[in-house]
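Spelled out from the first residue to the last, the chains are:
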Amino acid sequence: MKVPGLLILAVGNPSRGDDALGPLFLERLGELRERGGDWEGVELLTDFQLQIEHAIDLEDRELVLFVDASVSCLPPFEFTRLRPACDTSYTSHALSPAAVLHVYEQIDRMPPPPAFQLAIRGERFELGEFLGPAAEANLAAALEFAGRLLAQRDAESWARWGAFP
Amino acid sequence: MSTLETAARQDYLCRVAIDPLSRVEGHGKVTLLVDKDHRIRQARLHIVEFRGFEKFIQGRPYWELPVVVQRLCGICPVSHHLAAAKAVDQLIGAQDIPPTAEKIRRLMHCGQTLQSHAVHFFHLASPDFLFDFDVTTAQRNIGGVMADYPDIARQGVRLRKYGQEIIRATAGKRVHGTGAIPGGVNKSLTLQERNALLVDLDLMIQWGRNILKLIKNAYSLNPGYFTYFATIRTNYLSLIRADGALDLYHGGLRAKNDAGGILFDHLDYRRYHQVIREQVKPWSYMKFPFINSLGPDRGWYRVGPLARINNCDFIPTPLAEEERKEFMALGEGEPIHVTLAYHWARMIELLHAVEAIRELLLDPDIFGDELVVRGEMAREGIGVIEAPRGTLFHHYRMNEDGLIEKANLIVSTTNNNQAMNESIRQVAERYLDGKELTEPLLNQIEVAVRAYDPCLSCATHALGQMPLQVELVEEDSGEVLGCLVRDADGAVHGRE
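Protein chains in written order, with this note's numbering: chain A, 39 to 203; chain B, 296 to 791.
Accuracy of the hints is not assured; some may be wrong.
[What the hints assert, rightly or not] If you anchor each label on the Cβ, the simulated ranges turn out as follows:
1. B:569 - A:81: 48 to 54 Å
2. A:65 - B:351: 44 to 50 Å
3. A:72 - B:446: 41 to 47 Å
4. A:100 - B:555: 54 to 60 Å
5. A:195 - B:349: 42 to 48 Å
6. B:589 - A:52: 56 to 62 Å
[To be verified] Straight-line C-alpha distance at most 25 Å; calculated DMTMM-like pairs for lysine to aspartate or glutamate:
7. A:40 - B:724
8. B:350 - A:167
9. B:482 - A:72
10. B:468 - A:69
11. B:468 - A:95
12. B:468 - A:164
13. B:482 - A:65
14. B:331 - B:675
15. B:468 - A:81
16. B:582 - B:675
17. B:468 - A:167
18. A:40 - B:497
Just so you know, these hints were derived from the structure itself, not from any lab. Virtual Cβ for every residue (Gly too), placed ideally from N, Cα, C.
Same shape as in the complex, but just chain A (with noise of 0.2 Å):
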C-alpha cells in the first residue's frame, strides 16, 4: 500500500488554550477535505507529543509538515525548514521535530525526508481553556497559508518560503 506522499503532523493538547493550535489546524483542513477538492497524497495526523516512534511515520514521504504551537515564533505564524538536531528534548516525552527527524536518521541510516515547521503563535495554555481569539486569528492566517503550500506540494517551493532558521 502506496504511503501519501505528504504528511501534516500537528501536535498539542486540546484541552490546554492554545496548545489546541496544531490539532484544529488539522481538524480544520479536515473539514476542508470533506468539502472536496486535490487531497490525494496528503495525510493528516495529529497526536499530544512527538515521541520517537513518529520517525516511523516519515517513512517513504516525499515531504513533511510539524504544526504546533508556540510561545516564541512572532505572529501570526512562521515558516521555517528543519533539520534534524539531537537536541535535549530526546530526554522527554516530548521530542522536537527536529529530533525526530534525528531518530529517522539514526534508525533508517538515510537523510529524512525534506521536513517544515509551521508554528503557530500561542498565548495561554492554561488547563481547561478554549482557543484565544489571539490564537484562532493566528489560526486563520496560518490555515490560509496552508492553501499556498498545498497547492505547491514540493520541497523547492516550500523551501523559497521557509528557510533554515
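Given chain A, put chain B in place with the hints provided.
Just chain B now, kept in the frame of chain A:
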C-alpha cells in the same frame, strides 16, 4: 524481609538520595542511610505517587469511567481503560459481552502489552544489557542504543509502533482511545484495517524471537550476575485461565508460594478483598499489599511478567510456550526468582502478544456487528486485568443515580512495592555496602528497580537521561557533605 527497611539508630547516619530514578516511568527516589564506614544501614524506595483518581471520580457517571481513568497513565492507558470497562460491564449487568466485543478488547490489550513491553525493554532497560556499567551515562540510554546498535533500536521502535497501530485500529487513537464502552466496544475491525495489520506481522514475530536470543545470550555470558543480582524468594500472584493457561485479559486469581505451592487458585477476582489486604507504612505514600492468610511479613508477593510465567501451566501460543519451557527449566521445578529474569519473561510475553494478535486478526469474529450487551443494573463492579506491569484491580460502587460513590484501584506497581524494596536492599548489601558511592554503583540500584518496569506516575521522563542529584547529608544538622550531579545531557560532576 530484609533488616535494612528501618535502621535501629539513625542519629549517626548520612542520608543518600537517588532522586529521581532514571529510565523508569514517572517519579520515584531511593534513600540510603549510610554510616561513616560506608556501611548501608537502611534502604527504601519511595514513590511520589498521587492517587487522586479514586477521589475525583467520585460523583462522576459510571459510563465515563473507561475513558476518564485511562488518564492515569500515558504508557498503559489501555489497561486502565479495559479494567474499568470490565468493572462497568458488571455495573450494567453485562455478564457475557458478545464474542466480537471480547475479541476486539483482547486484540487491543495485546497491542497494549506489545507496545508497553517494547518501550520498557528497548527504550529503558536495553542499555543495561548492551553497555557496561562503566559506560558514561550520556551513552547508556536509548540514544546510545540507536547510535551503537541501530538494528536493535529499529526493531524496538517498530515493535512499539506496531502495538500502537493495533491500539489505533481497535480504540480509535494510539493513546487514550475510546474503543471499550460499557457492555462491549464501539467498533469492530474492517477488512482493510485487518489486512493492513497483517502485513508486518511475520516480521514482528521474528523480531520478538531475536530479542529473546539477545537476552539469553546476555544471561549465558554472565550467569552469576544475572542469577544473584537483586534476586529474592517471593510469592507470586496473577490471573490464570480456567485451564491453567496464561491469560492477560481475564481469569481467576492464582497465588503460589516461593516453592511453587498453590496458595489459592481460580479465585473469582470479585473476591479479591478476601485474600489481599494493604498495609500502610509511615515512610511511604504507597501501600504494601499482602496475602491475608500469610500476614504482612510473609505475604507480600510479586506480579507482572515473572509472576505470570511462573504461575501459568502453559502459554497458549506455540513459540512463546517453547520459550516458557526453556525459561522454566532453569528453576528445576521451582519458580524462577531471578529479578533480572523479569526482562526475559517480559520478552516471552511480547512474543506471545504478537502470536495472539495473529490469531485474533485471523478470527472472523473481529468483523462482527454485535458489539454491545446490557443486563440488569448492579451497584458494584470489579474489573481485574493483567496490565503489562502486573495485576490491576479496579473496584467501583455507584448510587441509584448511576454516580460513582466509591472507587478502589490497586495498580500493578503497588503490588510490587515490597518486592522492589527488598530487591534494592539486596543490591545495597551486596554491591554498595562498605564502598564509596559512585554513579555506576548507584545505577545498580536503578537497574534493580527497572527490572520491575514500575510505572511511578507516567507524567514525564520516559526516555533517556533524567537529571540526577545524589547528596550526602549529615543526619542531625542537615549539612550537605557532598554532592554528585548528573545533568540532563548525561554529564556527571561533583558539586560543593
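These are the hints, each one checked on the structure:
Look at residue 569 of chain B against residue 81 of chain A: about 52 Å separates their beta carbons, and that is inside 48 to 54 Å. About 28 Å separates the C-beta atoms of residue 65 of chain A and residue 351 of chain B, a value inconsistent with the hinted range of 44 to 50 Å. For residue 72 of chain A and residue 446 of chain B, the Cβ-Cβ distance of about 42 Å falls inside the hinted range of 41 to 47 Å, so the restraint holds. Range check, residue 100 of chain A to residue 555 of chain B: about 58 Å between beta-carbon atoms, so the 54 to 60 Å window is met.
Taken as a hint, the range 42 to 48 Å is violated for the pair residue 195 of chain A and residue 349 of chain B, whose Cβ atoms sit roughly 55 Å apart. Here the CB-CB span from residue 589 of chain B to residue 52 of chain A is close to 48 Å, at odds with the stated 56 to 62 Å. This hinted pair does not check out: residue 40 of chain A and residue 724 of chain B have alpha carbons roughly 57 Å apart, beyond 25 Å. Only pairs whose Cα atoms come within 25 Å are accepted, and residue 350 of chain B paired with residue 167 of chain A is accepted, the gap being roughly 23 Å.
This hinted pair checks out: residue 482 of chain B and residue 72 of chain A have alpha carbons roughly 22 Å apart, not beyond 25 Å. Distance restraint check for residue 468 of chain B and residue 69 of chain A: the Cα-Cα separation of roughly 19 Å lies within the 25 Å cut-off, and the hinted pair is therefore satisfied. Only pairs whose Cα atoms come within 25 Å are accepted, and residue 468 of chain B paired with residue 95 of chain A is accepted, the gap being roughly 15 Å. Between the alpha carbons of residue 468 of chain B and residue 164 of chain A the distance comes to roughly 24 Å, so the proposed pair stays at or under 25 Å and holds.
The hinted pair formed by residue 482 of chain B and residue 65 of chain A meets the criterion: a straight-line CA distance of about 22 Å does not exceed 25 Å. Taking the CA atoms of residue 331 of chain B and residue 675 of chain B, the gap is about 55 Å. The hint is violated against a cut of 25 Å. With a CA separation close to 15 Å, the supplied pair residue 468 of chain B and residue 81 of chain A stays within the 25 Å bound. For the hint pairing residue 582 of chain B with residue 675 of chain B, the CA-to-CA distance comes to about 23 Å; that is within 25 Å, so the pair holds.
Taking the CA atoms of residue 468 of chain B and residue 167 of chain A, the gap is near 23 Å; set against the 25 Å cutoff, the hint holds. Proximity of residue 40 of chain A to residue 497 of chain B is assessed by CA-CA distance (about 20 Å); at most 25 Å being required, the pair is judged to hold.
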